[in-house]
Amino acid sequence: MPCWRHFMGTILIILSLCMLAGCWDRQELEERVTVVAIAIDKTEETADGTQDKYTVTVQIPIPIKIVGGGGGEGGGEGGMDTVQVMSATGFSFHHALINLQKRLNQELFLGHVRVILISEEVAREGVQDIIDSLRRDQQIRRLLWLAITKNKAADGLMIKTSIEQIPADYLRAMFENSSRHGTMPGYSIGDFYIALSSPILDPVTFYTETGETDIALNGLALFKKDKMVGSINEEATWRLMHLLNLGPGGQILIGDKNNNGRHLIIEPHSVKTKTKLLTKETPIKAHYKVRLEVDIVENSTQYNLHYPKNIDIVSKLIARQLEQEAKQMIHQLQQYGVDALQLGLKLKAHHYDLWKKMNWDREFPQVKIDVTYDVKIRRTGMSGKTRIQMPME
Amino acid sequence: MRRKWMKPLSVSELRKKKMIEEYEKKQVEPYKETKLHPHLDINLNMLKDIFKDYGDLVIRPLLIGGYEELRAALVLIDGLASAIVVDDFILRSLTTNVDTRFKDHLPTDPEQLKEWVKEVGLTAAEVEEAETLADVIEAILVGDSVLLLDQINTAFVIDTKGWEQRGVSEPNNEQVIRGPRDGFTETIRINTALIRRRIRDPQLKLLPMKLGTRTKTDIGIMYIEGLAEKSVVNEVKSRLNNITFDGILESGYIEQLIEDHPWSPFPQVQYTERPDKAVSHLLEGKVVILVDGSPFVLVVPAIFIQFYHSPEDYYERFLIGSLVRVVRFISFIFALSLPSLYIAFASFHPEMIPTKLHVAMAAGRATVPFAAIVEAFVMEVAVEILREASVRLPGLIGPTIGIVGALVVGEAAVRAGLVSPLMVIVVGLTTICSFVIPNYSAAIAVRMLRFPLMIFAAMFGLYGIMFFAIIIIIHLCSLKSFHVPYMAGFTPSRFSDLKDTLFRAPLYDMKKRPTPFNLQNIFRQGTSNERGGKQNDQNS
Amino acid sequence: MIKTAKNTSRSIDNAPEDKVITPRQLGSITASTLLGVGILTMSRNIAEAVDEAAWIVTLLGGLIAMFFFYIIIRLSFRFPLKTIATYAPEILGRSKGPNWLGKLLSFPLVIGLTAFWILTVAITLRSFGEVVVSSVLPNTPLEVIIITMLFLAFFLTCFEIEVVARVNELILPLIGLPLIAITFFSVQKFKLEFILPLWPHFSLKDFFAGILLGSFAYIGYEILMVYGGYTVVTRHTHFYNLLAFAFPVFIYTTIVLISIGSFGVEELKQILWPTLELIKIIEIPGVIFERVESAFLAIWMAAVFTTSANIYYAACFLTKKIVASGPTYIYGLVYAPLVYWIALQPQNVFSLFEWAKLTGYVSFVFSGLLPLLLYVLARLRGIGLPPSAQYDQYDTNKER
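Protein chains in written order, with our numbering: chain A, 4 to 396; chain B, 2 to 541; chain C, 37 to 436.
What the hints contain is simulated information worked out from the structure, not anything from laboratory work. Just so you know, not all the hints are guaranteed correct.
[To be verified] To give an idea of the chain B side of the interface with chain A (calculated C-beta under 8 angstroms), a few residues:
id : residue
1  : A361
2  : M362
3  : A414
[What the hints assert, rightly or not] List of simulated lysine-lysine pairs, DSSO-like, C-alpha gap at most 27 angstroms:
id : chain 1 : residue 1 : chain 2 : residue 2
4  : C       : K227      : A       : K371
5  : A       : K312      : A       : K379
6  : C       : K241      : A       : K360
7  : C       : K305      : A       : K288
8  : A       : K230      : C       : K305
9  : A       : K349      : C       : K305
10 : C       : K241      : A       : K330
11 : A       : K283      : C       : K55
12 : C       : K227      : A       : K230
13 : C       : K241      : A       : K359
14 : A       : K228      : C       : K118
15 : A       : K275      : C       : K305
[Claimed, not checked] Over 10 angstroms on every C-beta distance to chain B, these chain C residues come out as not near it, computed from the model:
id : residue
16 : N135
17 : L188
18 : L192
19 : E205
20 : L206
21 : L308
22 : F341
Ideal Cβ placement from N, Cα and C applies to all residues, glycine included.
Using the sequences and the accompanying hints, generate a full structural model.
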């Protein structure tokens, strides 16, 4: 018996050597075409009248051109020199990938895809088939960024940047940092999946605008089921974030832009929102109470913030504007019928019986939503008055 | 042994058994029964016959006290016996001193003479009587002098052992920053003294033994009675007694002959060059085996974790000791698995590494014509060769090989695009990590297991690594060293044992001895909850 | 040169003559057996029946299973150094003299138990193979994964029962600590609204289906009917074991809770392997490894190994006790092709899930009703040691 055990080891080694011959999944790093970003566009009409629906564009980094990677002698240009952009068409997303694969020497590897851009044109027609294909692919992450582009999505992959070596990395960092710093809600594709499969949530994702050589965050794209129905701009997104308690959002300009520079820029620091659902009445009423702490970043108004009285006035001023903007945003949402506020979820969670009785989709546009801001100015940055500020009585 | 399910002894086994019996019969001393003859000349002739062609045998006839009738002869081997002892305490005392001081009392009766020689005549410290020829031969061969007297059939064996030997010096293999600098030598007596010097306890026992049918090497089994398990001591004794090897040249022979699982890559007997380490093991209730001719003493039973401990862990303050142990454990894991993790990530799970690193790795590997497994294998084998080469080379050239091998060849290989830069880092780190393991044989186990782990990583990625890791775990759990589970400390676990495994509790907190070695006397300090030193401070 | 010095104490036979499992080791066997394949699919299964209440149901199911588990430890501690193969005839038939009736009655039960274990091992290995093949090693044949896992289980049968205990004690922290870490890290996407309402509307039938599914997740603790008899019984033993059972209950409940809280019930129902998906959304800031699901699967392989190997060992050991001769590994060899064959029977994942459910129903008989029956009978007939006589000589020095 002891001998028996020892021979097990030998058998194991022989067995393993035999199996080594068929290492089924071994595929070396350099034998994969690593895709870092995907863009999906609607196919322009082709001359030969093919029926292809999508043009899928992928960005592939060229390892040798990347600094730090052994062979890279004197390399290190950023931007488009370090990546290859390829595109293919197909009647579905995956079909396009198959077509793309035909033209590649190695197998496509989607494990490092960090950004997927979909053009608005495609999104408005529905993304169900694309999402389905993405969900079934085990290589696709759940934490990648999905963004809708106003123009051609493929342009988003062509951005020129020297800051990052791989343009897709630049994009990823842009989305990631915006959500980390609380200037954008960090909706990943996973959240999109969740919203898409839930009967009460409406998918929401980044909305961007691509230029010739760059890309800019431009708010949120709103979906009804899998079809994009509209978008809200960045300021509205920040108000939405306030209401959802997601983060302080970006810096806000208070006052009239055209009013001879009499304006105020504030930086929100922390936000705390209380939501109240008044279910007794029909239609339902919702009340948001936002408590915002802000710093003053720029002040060209006549108010000298040295005086507590002025601070009161200014914070009321700020609150009034924010409330107004928030209501505008809510109005927009209700017009689209997109429950980005996730009120339905709240209703289901806290008033389950009521929710079961009503059809929330129809109900949402009628809901009366009230917003009050309570702004606290924490830091003014300077004390005393500047020359343009008039003494206030 | 229960022999159910095993076939009865086969013919070949029977033949083997017979051969062993015959061999043992041949080895039985032919002179065991031969008594010494009363006549000196006959005895001398017999000895001359036995020690034929012995160029270094010295037979020195002498007359006790100068009396013609009191003839005697001293037999010894030149070089083994100390000339000073022979001259001053045997020859001079027997011939000169007697003449002046005991002239009148010199006895003539054989019995009386025997008494007299033993008590008065010989001034050497250790004198024994031998009756058979076998004893005499053995005594001569170990370096004692034999005094044969005419008309007396007993010989005197005088301890004159004194050959050239190495002094106590600092151990080379187990160096510490803080701790005693003395190390064992090749002489068993010095070694036992080094241990005895540290434990002044009458319970410290030393069982002598002679092993090796031809070499007759001195073996000493040391243990502290009351601490060491009796069953373990008996097991050691019986396993040693079973050895019928003809030559024991090093304690490594003993280690291989008494270990439980010769096929296991893991060492199950610990060796040490350091007396302080041996003593600390004795105090834990373990048994120490000393072998003459080897500066390495063996410690049994040995468990897995003790090979990753160094005496320094106890000498330094406990936080330092614990931290060092954690570092050592991490390097153990790295030394074992780093190349295989590299293979797994490079060939199976590239999605796990960050995109930037992925691209950088792909760039580094772009020119490498081999798969990651081949790359890793070649590099690891190269490092093993380098290591072996630098061990064998004389002191001054050794490090040069390391530099040439690691820097020049490595750099050139990267430049030539044969290996990726990351692979060089991985291999370098692995090698350094394997040097952190304090025990050489434990380090070799890790080096050995690294290669199958790499093969499995190349088959199934992380899954394969885990597969082999589980096999290693099962194997480790099945090992036993002298009835003590090899993984003792972890399993069977016990809180007080865990205090001295991956980290080290403060000394005042380690009140109990590790259980697996010792069931009788578990407390090593007072049972009070106070800290020993602190308590004294408060009193004073 | 002839080597003769050899250790003579090596035993060939796997039968321990002594109680060789420490209380902690038995606890480790329990915990690591329970933490098995169920963890991956359980949250979806239960959520399908009872929606948001899934985590409560998991907890309830765990408590029910814990009750049966307690019966099993009480039962097996009554019969030191015996397995169910030996004591079932005693309980069912005459306790002294020739006991044909007991043997006749207990034979189908014990054989059924063995068959059930073989089935469980097969299902476990198949589920694991499916997960591995579908998520990390897409091109590796399923058969290879099953064979390698089966090899590990078989490798364990080459050793004594105490080795099983030791392996479990050593591996449990390797499974437990990452699981706790994952539970800890996956809280970041938790959304309170997703787990509310605590008690949505569902029918009583669904509720019981959920409870049943909840208790099925805790499959495998009935192997204590084999290991229990070889355990040193001290005053800690019961405590350690209930604690060991509570650990998987805690982990399972938390994972179900967090899965619902991170995905919402509707999404959860669409995900094939919810726990794996849960790991995908873990972000460990500043850590070099990005997608930890492959690493998790590797660690989780150890969990599946302990589950399958413990049960497999129990089946082989029990067979050895029934046949009353031979070393365990012979039966390991005999059962291996059987397990392999059964494991390849389900056609796809969905029919596998059906098989798993079926196994769950059968488990109710073997881990619930059978021990309960035996225990009640043993109590009534006064067979076996009464609880007060079960304790082994409690010696502080010897207790390890």
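Verification of the supplied hints:
1. Residue-level restraint check for A361 (chain B) holds (minimum Cβ-Cβ distance to chain A is 4 angstroms; threshold 8 angstroms).
2. With a least beta-carbon distance of about 6 angstroms to chain A, the hint placing M362 (chain B) at the interface is held under the 8 angstroms criterion.
3. Nearest Cβ of chain A to the Cβ of A414 (chain B): about 12 angstroms, over the 8 angstroms cut. The hint is violated.
4. Of the supplied pair hints, the one linking K227 (chain C) and K371 (chain A) holds, its CA atoms being roughly 25 angstroms apart against a limit of 27 angstroms.
5. For the hint pairing K312 (chain A) with K379 (chain A), the CA-to-CA distance comes to about 13 angstroms; that is within 27 angstroms, so the pair holds.
6. Distance hint between K241 (chain C) and K360 (chain A) is fulfilled; the C-alpha atoms sit about 23 angstroms from each other, no more than 27 angstroms.
7. Proposed proximity of K305 (chain C) and K288 (chain A) is contradicted: the alpha carbons are some 32 angstroms apart, above 27 angstroms.
8. Annotation: proposed proximity of K230 (chain A) to K305 (chain C) holds, straight-line Cα distance about 22 angstroms (limit 27 angstroms).
9. Proximity of K349 (chain A) to K305 (chain C) is assessed by CA-CA distance (about 20 angstroms); at most 27 angstroms being required, the pair is judged to hold.
10. In summary, the hint linking K241 (chain C) to K330 (chain A) is not supported, as the alpha carbons are separated by about 46 angstroms, beyond the 27 angstroms threshold.
11. Between K283 (chain A) and K55 (chain C) the alpha-carbon distance is near 68 angstroms, which puts this suggested pair outside the 27 angstroms criterion.
12. About 25 angstroms separates the Cα atoms of K227 (chain C) and K230 (chain A), which keeps this hinted pair within 27 angstroms; it holds.
13. A C-alpha spacing of about 20 angstroms is found between K241 (chain C) and K359 (chain A), which places the hinted pair at or below 27 angstroms, so the restraint holds.
14. For the suggested pair K228 (chain A) and K118 (chain C), the alpha carbons sit about 62 angstroms apart, so the restraint of at most 27 angstroms is broken.
15. Distance check on the hinted pair: K275 (chain A) and K305 (chain C) sit about 33 angstroms apart at the alpha-carbon level, beyond 27 angstroms; violated.
16. Once the 10 angstroms rule is applied to beta carbons, N135 (chain C) is consistent with being away from chain B; the minimum gap is 25 angstroms.
17. With a minimum CB-CB distance of about 6 angstroms to chain B, L188 (chain C) fails to clear the 10 angstroms threshold, and the non-interface call is violated.
18. Not every C-beta of chain B lies more than 10 angstroms from that of L192 (chain C), the closest at about 6 angstroms, which undercuts listing it as non-interface.
19. In this structure E205 (chain C) is not separated from chain B by more than 10 angstroms, as the shortest Cβ-Cβ distance comes to only about 4 angstroms.
20. Annotated as non-interface, L206 (chain C) brings its C-beta within 10 angstroms of a C-beta of chain B; the closest such distance is 5 angstroms.
21. Every CB of chain B is more than 10 angstroms from the CB of L308 (chain C) (nearest about 18 angstroms), matching its label as outside the interface.
22. Against the 10 angstroms criterion, F341 (chain C) falls within the reach of chain B, whose nearest CB is about 5 angstroms from its own CB.
Hint compliance for this structure: hints 3, 7, 10, 11, 14, 15, 17, 18, 19, 20 and 22 are broken, all remaining hints hold.
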